[in-house]
Structures are given as structure tokens and as C-alpha cells.
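Produce the complete structure using the sequences and hints provided.
For the sequence shown, the numbering used here begins at 1 and goes up steadily by one.
No wet-lab data here; the hints were simulated from the structure.
The model shown is predicted, which means the values in this text are computed figures rather than measured ones.
Even for Gly, the Cβ is constructed at its ideal location relative to N, Cα and C.
Certain hints may be false.
Said to hold, decoys possible - Computed beta-carbon distance windows for the label pairs: (1) ASN44 x ASP19: 25 to 31 angstroms; (2) GLN15 x MET43: 29 to 35 angstroms; (3) MET43 x VAL23: 32 to 38 angstroms; (4) VAL35 x GLU14: 38 to 44 angstroms; (5) LEU17 x PHE40: 28 to 34 angstroms.
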Amino acid sequence: MSERRGSASEGIREQRLRDTLQVMALLATADFASVTRTWFMGMNRQLNGAFVDAGYS
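Here it is as C-alpha cells:
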């Protein structure tokens, strides 16, 4: 029984490690200007016009 828990726990740790590495890879290749713009637009739709007017499309 403890053997099953150990292997399940191991699987969870491996999945977390895979997820962490995937996030790190995405961060390493991110276009931060685009991410920032998208985040702000999602937070306040009125900013969409401001970004377009400033030349960020």
C-alpha cells in the first residue's frame, strides 16, 4: 500500500517538474511587449485604443 502511494507521489513530482520546465521554456521565448500589452488589454478593454494609437498593434 505504501508502495502505491510512493509511486503516485513520484508521478506527481515528475509532472510538476515537467510543468515547471515547460513554463520556463515559455518564459525564455516570450515576447514580453506582446504579453504585457495583452495583459493590460485584458485588464481594461479601454486600453486597446491607447495601444493602437501609440503604434502597438
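- Has the hinted range 25 to 31 angstroms been met by the Cβ atoms of ASN44 and ASP19? Holds: the Cβ-Cβ distance is about 30 angstroms, inside 25 to 31 angstroms.
- Message: Looking only at beta-carbon atoms, does the pair VAL35, GLU14 fall within the given range of 38 to 44 angstroms?
- Response: Given about 28 angstroms between the Cβ atoms, the range is violated.
- Query: Has the hinted range 28 to 34 angstroms been met by the Cβ atoms of LEU17 and PHE40?
  - Reply: With Cβ atoms ~32 angstroms apart, the hint holds.
- Message: A range of 32 to 38 angstroms was offered for this pair. Does it hold for the Cβ distance of MET43 and VAL23?
- Response: Distance hint for MET43, VAL23 is violated at roughly 21 angstroms.
- Item | GLN15 versus MET43 beta-carbon gap, inside 29 to 35 angstroms or not | 30 angstroms, holds
The structure fails to meet hints 3, 4 from the earlier list, while all remaining hints are met.
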